[in-house]
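> Line order of the protein sequences matches chains A and B. First residue of the first sequence? That's 96 in our numbering, and the numbers climb one at a time after it. First residue of the second sequence? That's 96 in our numbering, and the numbers climb one at a time after it.
Among these hints, one or two may not hold up.
[What the hints assert, rightly or not] From the structure, some residues in chain B lie toward chain A, with a derived Cβ separation under 10 angstroms: (1) D109; (2) E113; (3) H123; (4) Y132; (5) L135; (6) A136; (7) V198; (8) L233; (9) L237; (10) L263; (11) I298; (12) A300.
[Stated by the list, open to error] Computed list of lysine to any residue pairs in SDA-like fashion (alpha-carbon distance at most 25 angstroms, straight line): (13) A:K124 <-> B:N185; (14) B:K197 <-> A:Q355; (15) B:K124 <-> A:M183; (16) A:K223 <-> B:K124; (17) B:K223 <-> A:R367; (18) A:K197 <-> B:S256; (19) B:K338 <-> A:D119; (20) B:K338 <-> A:E128; (21) A:K105 <-> A:Q222; (22) B:K338 <-> A:K105; (23) A:K223 <-> B:A287; (24) B:K223 <-> A:V229; (25) B:K197 <-> A:A287; (26) B:K223 <-> A:K124; (27) A:K338 <-> B:D156; (28) A:K223 <-> B:S290; (29) A:K223 <-> B:L291; (30) A:K124 <-> B:K197; (31) B:K223 <-> A:E232; (32) A:K124 <-> B:A287; (33) B:K223 <-> A:S290; (34) B:K338 <-> A:C120; (35) A:K197 <-> B:L175; (36) B:K124 <-> A:E265; (37) A:K124 <-> B:S290; (38) A:K124 <-> B:L263; (39) B:K124 <-> A:V229.
Calculated directly from the structure, the hints in this document are not laboratory data. Note that CB positions come from ideal geometry on N, CA and C, so glycine has one too.
2 protein chains.
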Amino acid sequence: MIQSIMEEKKALIDRYLETILSPDCGEHKILYEAMNYSLLAGGKRIRPSLFLLLLEEGGLDPEMYMDAACALECIHTYSLIHDDLPAMDNDEFRRGRLTNHKVYGAGMATLAGDGLLTFAFQLLSRQKGISPDVRCELVRILAEAAGPAGMVGGQAQDISSEHRRLSLEELRVMDACKTGCLLCAPVDMAAAVLSLPGEERDILAQWGRHIGLLFQITDDMLDVSGTLEQMGKKSGQDEVMDKPTYVTVLGYGEAARKAQDEAQQAAALAARLPVFGRILRDLPLYLIERTK
Amino acid sequence: MIQSIMEEKKALIDRYLETILSPDCGEHKILYEAMNYSLLAGGKRIRPSLFLLLLEEGGLDPEMYMDAACALECIHTYSLIHDDLPAMDNDEFRRGRLTNHKVYGAGMATLAGDGLLTFAFQLLSRQKGISPDVRCELVRILAEAAGPAGMVGGQAQDISSEHRRLSLEELRVMDACKTGCLLCAPVDMAAAVLSLPGEERDILAQWGRHIGLLFQITDDMLDVSGTLEQMGKKSGQDEVMDKPTYVTVLGYGEAARKAQDEAQQAAALAARLPVFGRILRDLPLYLIERTK
């Protein structure tokens, strides 16, 4: 059930993403091509789907909020492009295709990332059907989640910690920023659009943090157990790069147990927020069972 | 006169910039250090100064709009950090110091740029004393100016056009995006904050375009005539990189005449907008006489 809902949202997002970036002039053709190359490479679209799903459960028509949803995917895609750069992880494959810089060169890939990051805020500022004060709130939530105290901070910690043993606590802080913040953003953004009261926002935010951690642990596990075919990128890269992950720090079995634990804690919050009960209960199971 | 006003605004901005970025946790210390390294390297602060100057002439207290002003400088600084990267211009010096990647490495410099770009929108979203609809308008203006149809588009054209002859028209389009857009942004942003009527906005925007072009031409001229001491970076780099500039396309003398022409056209607009007359007339002269 949740699987088909997620697939339906993904299809909606894929269709919309195809329409948002067309070059304003001939001179910028290659840049837009590079941005679209990664944006339309068929990701799981988890962040924008989560946002739309929560809006729908809250009684809104998801198709009215596609700009804000796609802003999340633009940020996510830019982070992958920059993360893959030779100066960072130096990855050759992503989602089963050559990485952006392998096709367009590192300079253009850097700019494609910059372009997507900036364009995300254009999308938010033009989202119709939301009052200006809530739109400003969305800008604040997304910028904080993606910025130096959020995702970029986590990435910085990540490149500083290669070849170094991290404690479980250091790893938790890093992942909370690197992956967690951008998975909490759709939850916080949906709460803002729905104008939920403070207490409900807190429960949703708490759920978002469990989901973020769960997602990261399963990601680390898939890096070990996933195949190139499933993942679209080489597995075992974390070990090659000597990167601290939940699997390298805790071991595979303990990481799997921790993922189960996070999923249960997230699902348990469903009882406290019956309106969103179905998603709060089902999505953690969906994430823990994913194979890519 | 205009010189001392610009210096006074620069001092105000320098002081404020020192306060805006402090690490949220110990793990992000190096990232914030890298961002501050470039942000506090003592640029001319032309974009935020221009914004504050126009607000002041329009009757507002500039000190109340420092977050929005500094958002412009964060965007400008990020663009310099990424522009200097080995994958782009591969510059070693900027503002008389080693470039960001020479000190922190290309990975961290990429992230410092990403962090500053994202933080700019955090600054806009938290700017007090502006109604939410105008704040959204500022986000739209800055994102459009800095994004793929603006500055990033110009940069992409720039790296694609090395070792290639550009026509004057191609050069004009590239520079209008690469430099022009982010010099027009403070003008458009000030017009939005002051809620100027459409006709006055159009005149200011027209002035902004002349200023942007004037700035780029003088920049190209200074790359030839400036000294390392004045410029804080090596001169003659455009020729080394075989980059098309107004000097390489038109020759130095013709470029100088074109700069004069732009300055006069900009200054002539002062008569049509007496409230801002002093700035509209004096700033073009200030820019054409600059030596760094």
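> Does each hint hold? Answer for all of them.
Hints versus structure:
1. The criterion of a C-beta within 10 angstroms of any C-beta in chain A is not met by D109 (chain B), whose closest approach is roughly 20 angstroms, and the hint is violated.
2. With its C-beta approaching chain A no nearer than about 16 angstroms, E113 (chain B) sits outside the 10 angstroms limit, and its interface hint is violated.
3. Taking 10 angstroms as the C-beta cut-off, the interface hint given for H123 (chain B) holds, the closest approach to chain A being about 4 angstroms.
4. Evaluation of the Y132 (chain B) hint against chain A yields a violated restraint, the C-beta minimum of about 13 angstroms exceeding 10 angstroms.
5. Here the hint on L135 (chain B) is broken, as its CB sits about 15 angstroms from the closest CB of chain A, past 10 angstroms.
6. Using the Cβ-Cβ criterion of 10 angstroms, the hint placing A136 (chain B) at the interface with chain A is not satisfied: the shortest such distance is roughly 18 angstroms.
7. About 14 angstroms separates the beta-carbon of V198 (chain B) from the nearest beta-carbon of chain A, more than 10 angstroms, and the hint is not met.
8. Because the smallest distance between the Cβ of L233 (chain B) and any Cβ of chain A comes to about 9 angstroms, under 10 angstroms, the interface hint for this residue holds.
9. Against a cut-off of 10 angstroms between C-beta atoms, the interface hint on L237 (chain B) holds, since the closest Cβ of chain A lies about 8 angstroms away.
10. Interface restraint check: L263 (chain B) against chain A, minimum CB-CB distance 14 angstroms, threshold 10 angstroms, status violated.
11. With 10 angstroms as the threshold, the beta carbon of I298 (chain B) stays out of range of chain A, its nearest partner Cβ sitting at about 24 angstroms, so the hint is violated.
12. Interface hint at A300 (chain B): violated, since its Cβ lies 17 angstroms from the closest Cβ of chain A, which is beyond the 10 angstroms cut-off.
13. Using a Cα cut-off of 25 angstroms, the hinted pair K124 (chain A) and N185 (chain B) holds, with the two alpha carbons roughly 24 angstroms apart.
14. With a CA separation close to 44 angstroms, the supplied pair K197 (chain B) and Q355 (chain A) exceeds the 25 angstroms bound.
15. Straight-line distance between C-alpha atoms of K124 (chain B) and M183 (chain A) comes to about 18 angstroms, which keeps the hinted pair within the 25 angstroms bound.
16. Among the hinted pairs, K223 (chain A) with K124 (chain B) is inconsistent with the structure: their alpha-carbon atoms are about 38 angstroms apart, more than 25 angstroms.
17. Restraint check: the Cα-Cα separation between K223 (chain B) and R367 (chain A) comes to about 35 angstroms, which exceeds 25 angstroms; the hinted pair is violated.
18. The straight-line distance between the Cα atoms of K197 (chain A) and S256 (chain B) is roughly 20 angstroms, inside the 25 angstroms bound, and the hint therefore holds.
19. Taken as a hint, the K338 (chain B) and D119 (chain A) pair is honoured in the structure, with Cα atoms around 23 angstroms apart against an allowance of 25 angstroms.
20. Our distance criterion of 25 angstroms between C-alpha atoms is met by K338 (chain B) and E128 (chain A), whose separation comes to about 23 angstroms.
21. Distance check on the hinted pair: K105 (chain A) and Q222 (chain A) sit about 19 angstroms apart at the alpha-carbon level, within 25 angstroms; holds.
22. For the hint pairing K338 (chain B) with K105 (chain A), the CA-to-CA distance comes to about 43 angstroms; that exceeds 25 angstroms, so the pair is violated.
23. Distance check on the hinted pair: K223 (chain A) and A287 (chain B) sit about 19 angstroms apart at the alpha-carbon level, within 25 angstroms; holds.
24. Straight-line distance between C-alpha atoms of K223 (chain B) and V229 (chain A) comes to about 15 angstroms, which keeps the hinted pair within the 25 angstroms bound.
25. As the CA atoms of K197 (chain B) and A287 (chain A) are separated by approximately 42 angstroms, the hinted pair breaks the 25 angstroms bound.
26. For the suggested pair K223 (chain B) and K124 (chain A), the alpha carbons sit about 38 angstroms apart, so the restraint of at most 25 angstroms is broken.
27. This hinted pair does not check out: K338 (chain A) and D156 (chain B) have alpha carbons roughly 50 angstroms apart, beyond 25 angstroms.
28. For the hint pairing K223 (chain A) with S290 (chain B), the CA-to-CA distance comes to about 21 angstroms; that is within 25 angstroms, so the pair holds.
29. A distance of roughly 24 angstroms separates the Cα atoms of K223 (chain A) and L291 (chain B); the hinted pair therefore holds under the 25 angstroms criterion.
30. About 31 angstroms separates the Cα atoms of K124 (chain A) and K197 (chain B), which puts this hinted pair outside 25 angstroms; it is violated.
31. Between K223 (chain B) and E232 (chain A), the direct Cα distance comes to roughly 13 angstroms. Compliance with the 25 angstroms bound is thereby established for this hinted pair.
32. Distance check on the hinted pair: K124 (chain A) and A287 (chain B) sit about 31 angstroms apart at the alpha-carbon level, beyond 25 angstroms; violated.
33. A distance of roughly 21 angstroms separates the Cα atoms of K223 (chain B) and S290 (chain A); the hinted pair therefore holds under the 25 angstroms criterion.
34. Distance restraint check for K338 (chain B) and C120 (chain A): the Cα-Cα separation of roughly 21 angstroms lies within the 25 angstroms cut-off, and the hinted pair is therefore satisfied.
35. Proposed proximity of K197 (chain A) and L175 (chain B) is supported: the alpha carbons are some 24 angstroms apart, at most 25 angstroms.
36. Between K124 (chain B) and E265 (chain A) the alpha-carbon distance is near 14 angstroms, which keeps this suggested pair within the 25 angstroms criterion.
37. The hinted pair formed by K124 (chain A) and S290 (chain B) fails the criterion: a straight-line CA distance of about 35 angstroms is larger than 25 angstroms.
38. Taken as a hint, the K124 (chain A) and L263 (chain B) pair is honoured in the structure, with Cα atoms around 19 angstroms apart against an allowance of 25 angstroms.
39. Between the alpha carbons of K124 (chain B) and V229 (chain A) the distance comes to roughly 32 angstroms, so the proposed pair goes past 25 angstroms and is violated.
Against the hints set out earlier in the document, violations occur for numbers 1, 2, 4, 5, 6, 7, 10, 11, 12, 14, 16, 17, 22, 25, 26, 27, 30, 32, 37, 39.
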